[in-house]
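Peer 1: Work from the hints to combine the two standalone chains into their complex.
Chains as they are written, first to last, in my numbering: chain A, 1 to 465; chain B, 1001 to 1557.
Read the hints as simulated data drawn from the structure, not as lab findings. Certain hints may be false.
What the hints assert, rightly or not - Here are some chain A residues the structure puts well away from chain B; computed CB gaps all over 12 angstroms: (1) Ala20; (2) Leu70; (3) Phe133; (4) Val153; (5) Tyr212; (6) Thr232; (7) Ala253; (8) Glu288; (9) Arg290; (10) Arg315; (11) Leu346; (12) Gln384; (13) Thr385; (14) Arg414; (15) Arg457; (16) Val465.
Unchecked claim - Listed next, the in silico DMTMM-like pairs over lysine to aspartate or glutamate satisfying Cα-Cα at most 25 angstroms (straight line): (17) A:Lys50 - B:Glu1420; (18) A:Lys381 - A:Asp276; (19) B:Lys1112 - A:Glu103; (20) B:Lys1112 - A:Glu266; (21) B:Lys1143 - A:Glu103; (22) A:Lys270 - A:Glu282; (23) A:Lys50 - B:Glu1427; (24) B:Lys1062 - A:Glu282; (25) B:Lys1157 - A:Glu103; (26) B:Lys1143 - A:Glu90; (27) B:Lys1476 - A:Glu113; (28) B:Lys1432 - A:Glu38; (29) A:Lys333 - B:Glu1375.
Heads up, the beta-carbon is just placed ideally off N, CA and C, and yes, glycines get one too.
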Amino acid sequence: MWRDGRFRWASGILLTLMLASLGVASWQYQRRSQSRLEAQHVQREQWLNKEMANPHVAAHSGTILFRPFLLLSVLDSGVDSYLGTSVYLEPHRRNLFSQTPAESAPAGQRLGELTVAVVLQLLLPLLIFLLTFTAFAGERENGTLRQALSIGVKPSLIALGKIIGISTPLAALLVPTTVAGVFILALHNDSSSTSSSLTRAALMVAAYLVYYWIFLCLGLLISAWSPSSQRTLVVLLGFWFITCLLIPRLTAAVGQHLYPTPNIDEFVAKLEQESDPVSFGEQRRQVEKRLLARYGVQRAVDLPVSTWGTTLYEREEASTDLYNKHFNQLFEKYEAQNGFYQNVSLLAPPLAVQSLSMGLAGSDVVHFRHFAEAAEAYRYKLVQTMNQLAIESQLYNTSLIGPPDRPAFIGGERAAYERVPNFEYAAPNWKWVISRTSASVVSLLFWFFLLNMLLARSLRRLNAV
Amino acid sequence: MSLNIRTQVNSKSKLQLLLTVMRYEWRILKADRVFQYVLVLFVGIVVCALINGAAVFARQCKQAAEGRGEQSALHEKIRQEIAQSEKARIDKGEPLSQVKSGVPSASAVYLKLATFKATLPLDSIAILNAGENSLRPQTFNYKTGGRYVPFFPTGDKRSLGGLSPAPSTDNPMLMLLGQFDIAFVTLYIYPLIILVLSFNMLTADRDAGILALMLSQPIKLRTIILGKVMIRALIVFSIGVFLPVIVTCVIGTLAYPGGQSYRIFWQAGLWVLAALIYGCFWFALVLLINTAGRITAASGVISAACWILVVVLTPALINLSLQYFLLASSTFQFVTAERDASLQLNSQIDAASAELNQQIRERYPVTAGDRLAQERFDRAYFGEPVQMVNGSELMADFIKNRPAWSVAVTTDQKFRALSEIRQLRMEQQLAKVLAETEQRRQQRESAMKMLRVVSPTLLFQSALNETTGAGNDKYKSFLTQLDGYIRERERFFSQKILQRENIYATEVDHLPPFDYRAEPISEVMKRILTSLIAIVTATLGLLWLALRSLQRATLAR
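Just chain B, with the same shape it has in the complex (with noise of 0.2 angstroms):
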C-alpha cells in the first residue's frame, strides 16, 4: 500500500472506531436508568424555561409597542391638528408666517408634544434571556413644565430634568429569584448535566475493569475518552443549546418580524458559540476529574464540588468582594443632592414664574366661554414683550451667553428660558455628585471586568447578556441617545420660540418619536470576544492537565 492509502486506511479507521466507542457508549446510556431520568428532566427543564421565556418576552414586547404606539399616535394628531388649522387659515387667506391666536406656535405645539414615551426596544434573541431585562427600567417617561420634575442621570455630569424611568410592578420577590428561562438552565443546569453524565464516563469502567478490556484491543485510549464525550455533547448540546435557538429563531421570525431580520440569526449564532465553548470547558474539568486516578464515587463528588464552587461560590465571592473593597454610590447621597439643589433653584423660579403669570393675567383677564378675551391673552401670551424683576438675575446670567435672547421677549419666551436655566442650573449643581457616582460605578464595572476573569460563569453570563442586548453597554447607548434626543428636541423648539416662529404641520413630521439606533452586531462581537478568549484559555489549559494526567493514569485496578 501506499503511503497515501494507508493513511487514508488508517484514517477511516479511526473514525470507524470513534463511531464505533460512540454508538457503544449510546447503548450503554441509553439502558442507563439515571440517564434516561436526567434526559427526561432536562428536556422538561429546556422546555418550560423556553416557555415562560416566550410568554415573559411576549409581555415586554406588548409593553414596549403599546408605548411606541402612543407615541406615534400623539404625533399623528398633533400634525393633523396642525395641518387643519393651517387650512383653515389659508381658506380665509391669512399669512401661516404670523403667531396668530388658534394657530399652534411654536410654544403650544412644544407643551403638547413636550410629554413623551421612550421603550428601550428588545431583540427577539432575548427570549433566550427574558429575566435580566427586567431589573432596569425599559420605559422613560419624559414630561416638562411641571414645577417639582426629578432629574436623572443619563451619563457622566448630564442629568435631564422631567425624565423618569417609569417603575417596575413586577412581584420583588419574582425579581430576586430570576426568571425560570433558558439563560438561567444554560448558566445552572447545563454544566450540571455535563457532569452528572460524565463524572464516571472513565472511571466506571476502570472500576468495573471493562477499560483495562478495551484497552487491550487496538485502540488508543484517547479514542475512547473522544468517543465518550462526543456521544455525551452531542445530547448535552443538541438539548440544551440547538433546540433553545432554534425554537427561538423559528418564534422571533414568526411573531416579532420587522426591524433587522437578520440580527436574530447573528446573535443565534454568538449564542450557540459561547454555550458551546462553555460546555466545552465543563466537559475539560469533568474530564480532568476522571483522569485524576479517583473512585467514581470519589468522582461524583469532586464533580459535584467544582459545581459550587465555578457556579456558586466564585461568583458570590467576587460579589462580596466588590461590595466590600468598591462602594457603591449611595441612593440617598443623589435623592439628597437633587432635592437640595431643587429646592433652592425653586424659589427663584418660582417668584419668576408667579410674577410672569400675574402680570399676563392681570392686564388680560379671561373667563371662560370669552373667545375675545382669549385671543386677547394669547397675542400678548406670544406677542408682547414683557419686563421681569424676580428672577431678573437668573434671566441675565442666562442671556450672558445668549445674546438672541438679549432682544425683549415675550412671556411663553421667559417661560421657556425659566426651564432651560432649570436644567442648566440643576445639571452645575448635580455634576459633581453625578460624576462621583459615574467615578464609582467604573471602577465597580472595570473590577467586576477583571476579577471575572478567574469565573467562566460569570465571563458566560456577560457574554450571554450581550448577545441578547440585556448587558450594561447597551442600556447606557440608549440612556445616551435618548439624552441627544430630548437635548435636541428642546434645542429645536428654543430656536422656534425664540425665534416666534410656528410650526408646521410639515415640521411635525420632521420630530419622529424617539427611535433607539441597535448598535452593530460587530460592536457586540468585540464586547463578548475577550470572554469567549478568556473561557478557551482555561478549556484549554484544563484538557492539558487532563492530557498529563491521563498519560499518569492508572488504568486498571
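Chain A extracted, bound-state conformation (with noise of 0.2 angstroms):
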C-alpha cells in the first residue's frame, strides 16, 4: 500500500486538510470563546450598572445572552454557522437568537465548509473504497486469487490480510488527527468540561471507527462480488455518492415537506392570535380588586404590595407560557425533521455518523435548544424578579403617570441587580446526547452486523474466477 503513489498522494492530502482545517477551528474557537466571555462579561456589567427609573424599565432595557460553541465543535462545526449567536432577554416576549453567521459569509462559503467532520464522513471513506475495490476483484482479474487460493490459504484469512493492510495506512492517517485532537483538546482545557468532552471525544472516535469499518466491510464485500475492479469501483462510487450526496439533501427536502415549520409571519400571527386579548389598564384594576379584598383595605394606596408590578408578574407569567408553548412547537418540528433525517440513516450510514458526530460536538439542534431553553429560564427569572422587586416596592398604586410615589428600588438599585444571577450554563452529559441520537446508533450497527454477516457469506462463496 505504501509503495502506492496514489495512496501517498491520497493521504498526504487528507492528512495535510485534516490538520488544517483542525488548526484553523482551534483558532477559531479560541477567538471566538474569548470574545464570547468578554462581551458576556459587558453585559453583565452593564446589567449591574444600570441607572433606570424603576425594576420593570431596567427589565425592558434587559441584557443579552451569547451562544457558546463546546469545544468538540472545533473537529464538528455542525448547524453552528446557521444559528444565531446571540439572543436579546426583555419582558413580555420570547425572542429569536439574532446575529446568524452565514448571514454575512461570503458567496461561495456554504459550497465547501472545510471541517474535520468533512475529511472524516466525506473523504475518508471515499480513499476506503479506492484502497478495496480491487482486493477482491483485482486479485481475480490477475489470477492471483485462483493461485492463492489453490494452495489452500481460507478466503478468511485473505479477507483478514486485507483488512489489517488497509487498516495500517489508514491508522497512520487516523492516528496523527487523533493526536492532534487531544492536544487542541488539553490546550483549550477549562476543568468544568475536561471528563466531558473526553468521554464525547472517546465516543466519537468510536463512532468513526466503525464507520469506517462499515466501509471497508462493503469495499471487501462488493469487490468480493463484483466480476470486475472496474464494475467493483463504479458500485462503490456509486454508493458514495448517492449516500453522501444525494440522500442527505434528498431526506432534508422530505422531512420539510412532512414536517413543515411555520414561517416567521405564521409564528408571530399564531402568536398574536393567542395572546391574551385584556388591555393591561383592565387587568391591572382587577388585580387592584383581587387585592383589595385580600388584604382588607379600601384604598390602593394603602397595600402592602403593587399593583402595577402585580400585574406585570401575571401577564409575565401568561406570556411566557404562551411563548414556551409555541416554541416548544417549533422545535418538536425541528426534532420530528431530524428524527426523520436519523431514520433514514438505516439505507444510509453517512447520515447516522453525521447526526452521531454533531451531537457528541455539541453542534446540532437539540444542544441549541438546550441553551435556547436554559436562556430563557433565565429571561423568566431576570424579569420576574424585577416584577417581584417592583410588587414589594409598592409603586404606582394609585397612578402610572407621574413620577414614582416612593422609591422605586428599596435597598438600592445595584443590590437589586445582583439579586439576578450570572447567567451560567452547563452543556447535558453524553447520556443525554445519546439518548437523543439513538436512531443513528442503532443504524450503525446494523450497518456493521449486517456487513460483517454478508462479508463472511460471501467469503465462504468466493470465486476465484
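Peer 2: Now the structure itself:
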C-alpha cells in the first residue's frame, strides 16, 4: 500500500486537510470563546451598573446572552454557522436568536465548509473505497486469487490480511489527527468540561471507527461479489455518491415537506392570535380588586404590594407560557424533521455518523434547543425578579402617570440587580446526547452487523474466477 | 469537380460522418446497462429537484406576497381614515389646514405608518436556486417609537434604528445541508454525470482495439471525438440544462405573472449560457483525461479525483484560507458596541421623554371616556410649545444645524426631535465599528473574487447566484434602497411635523409602500461576464492540452 503513489498522495492530501482544518477551527474556537466571554462579562457589568427609573424599565433594558460553542465543535461545527449567536432578553416576549454567521459569510462559503468532520465523513470513506475496490476483484483479474486459494489459503484469512493491510495505512492517517485532537482538547481545557469532553471525544472516535469498518467491509464485499474491479469501483463510487451527497439533501427536503415549519409571519400571527386580549389597564383593575379584598383595605394606596408590579408579574407568567408553547412546537418540528433524517440513516450510514458526530460535538439542533431553553429560563427569572421588586416597591398604586410615589428600588439599585445571578450554563452529558441520537447509533450498529454477516457469507462462497 | 463543389461535398461528408459517429455512439450507449441506470437516475434527480425547488419557491413567494399585501392594506386603511375625517370636517365647514383633535396630523399619521415591512422580491428564475435565498433575511420589519430599538447596519457607516430582519424559522439542519434544487444538481451532479458518461469514451475503444479499427477507415480522430462528445453533450445538456430551464420559464410565466415578465427569459438565457460553458469545461477536462494514454480504470479514478478536487476540495480550501487569513468581523463586537451606545444614550433620552410625558399629562390629565379632556390634551400636545430641562443639551446640539427647529416647539415635535437625535447619535457612535465591519467584509469579498478564479465551481456558483438574484449585490442593493426609502420617509414626516401640518388623504398616496427596484439585466450580465470568461479560458486551456496530448497519444494497444 505504501508503495502505491496514489495512496501516498491521497493520504498526504487528506492528512494535510485534516490538520489544517483542525488548526483553523481551533484558532477560531479560541478567538470566539474569548470574544464571547468578554462580551458576556460586559453585558453583566452593564446590567449591574444600570441607572433606571424602576425595576420594570430595568427589565426592559434587558441583557444579551451569547451562545457558547462546545470544545468538540472544533472537530464538527455542525449547524453552528446557521444558528444565531445572541439573544436579547426582555419582558413580555421571547426572542429568536439573531446574528447568524452564515448571513454575513461571502458567497461560496456554503459550497465548501471544510471541517475535520467533512474529511472524516466524506473523503476518508472515499479513500477506503479506492483502497478496497481491487482487493478481490483485482486479484481475480490478475489470477493471483486463484493461486492463493489453490494453495489452501482460506478466504477469511485473505480478507483478514486485506483488512490489516488497509487499516494500517489508514491508522497512519487517523492517529496523527487523533493526537492533534487530544492536544487541542488539552490546550483549550477548562476543568469543568474536561471529563465530559473526553467522554464525548472517545465516543466520537468509536463512532468513526465503526463507520470506517462499515466502509471497509462494504468495499471488500462488493469486490468479492463483482466480476471486475472497474464494476466494483463504479458500484462503490455510486454508493458513496448516493449516500453521502444525494440522500442527505433529499431526506432533508422530504422531511421539510412531511413536517413543515411555520414561517416567521405565521409564527408571529399565531402568537398574536392567542395572546391575551385583556389590556394592561383592565387587568390591573381586576388585580386591584382582588388585592383589596385579600388585604382587607379600601384604597390601593394602602396595599402592602404594588398592583402595577403584580399585574406585570401575572402577565409575564401568561405570556411566557404562550411563547414557550409555540417555541416548543417549533422545536418539535425541527426534531421531527431531524428524527426522520436519523431514521433514514438505516439506508445510508453517513447520515447516522453525521447526526451522531454533531450530537457529540454539541453542534446540533438539540444542543441549541437545550441552550435556548436555559436562556429562556434565565430571562424569566430576570424579568420576574424585577417584577417581584416592583411588587415589593408598592409603586404606582395610585397612578401610572407622574413621578414614582416612593423609592423604586428598595435597598438600592445595584443590590436589586445583583439579585439576578450571573448566567451559568452547563452542556448536557453524553448520556443525554446518546438518548437523542439513539436512532443513529442503532443504524450504525445495524450496518456494522449486516455487513459483517454478508462479508462472512460472501467469503465462504468466494469465486476465484 | 470544381474546388467549391469538392469543398461542399467534403463538408457534407464530414457532417454525415459526424452524424454517423453520433448515431453509432448513441446505439452503444443505449445498450449499456450502466448508461441506462445513470440516465434514469439523472432524470429522476432533475425532476425531484425541480419539484422541491418549485415548492420552496412557492413558500417563499407566499410569505413575500403576504408581507406586501399587509403593507398595501395598511396604507389604504390609513388613507380612508384620513379621507373620512376630512369629509367630516368639510361637512362641518371647518378649515382642513388647522391642526385639530380628531384630524390626523403629521405626528399621528406617522405613528400609524411607522411600522412597516419590506420584503426582498424574488425573481421567478429563483425556482432553480431556491436554497440560496433562505440563507439571508428576506423580510425586514421597521418599527420606531420604542425605547430599546435595535440598530441594523445598512451599509458602510450607516445603520438604521428600528430595522430588524425577520429571523428564519427554517430548520438549521436544512440550512446546513442545503436545498435539493437545480442549482445543487448543476453544481455537483451535472459534472459527475458528464464524467461518468465520458471517462471511458476513448479509453474503452482503445483498450478493446476498436479505436485503431475505426481509424483505419477514412475518418479523422477529431471527428470521432467530436461525435462522441456531441452525443453525450446533447443528452446531458438536454436533461441537465434545457429541461429545468424550460419548465422553470413555464412555471414562472404562468404561476407568477406580473412585474417584468421578459426578465425571466433573459435570466434563463444567462443560466443556460453559464451551464453550457460549465459543461464544456467538464467535457474538456474529461477529454484531456481520455487522451492521457491511461487504461480505462485509471481514467475512471482520475476522473473521480478531478471531480473531488474541483468541486469539493478547491472551494473548501479557498474558504479555509479566507477564514484564517481574513478574519470575519466578530458578531459579538457589533452587538456589544450597539448595546453600549444604546444604553448610554437611552438614559439621556429616557429622562427627556419622561419629562415631556410628565409635563403634558400633569397639565392636561385625561381619564378614560372623557372626550373633552382628550381634545384639550390633543390641542396642547400638538399645538402648545413646551420647554424641556432634561435633554436640553441633546436638543441644543440637534438644533445647532437645524435653525428651523429653534423656534418654540410642541410636545409632539420634541418627541420627534428625540427620535431623530437617537438615530443620529447612534449612527455616529456605531460608525467606527460599522466601517471596520464593512472593510473586513469587502476584503473577504475581494479576496474571494480573486481566489475563485482558480475554482471553476465557485465561478459558476457565483454566476448562478447573480443570475437568479441570490447574489450579494442584489442584497446590498436592496438594503441601500431600503435605507434610502426609510430616510426619505422620515425626512418627509419630519418636515411636516416641524411645520405643524396635517397629512391629507391625497398625500398618503404619495407615500407608497416600499417597492424594490430591480437592477437592469445588463448589470447582472456585466457581473457574471468575468466568471464566464475565466471558465471559458480554463476550458480552452484544457482543450489545447488535450489536442497536444492527442497528437502524442498511443491509439492502439
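Peer 1: Please flag the earlier hints that this structure goes against, numbers listed from lowest up.
Peer 2: Of the numbered hints, 1, 3, 6, 7, 19, 24 and 29 do not hold.
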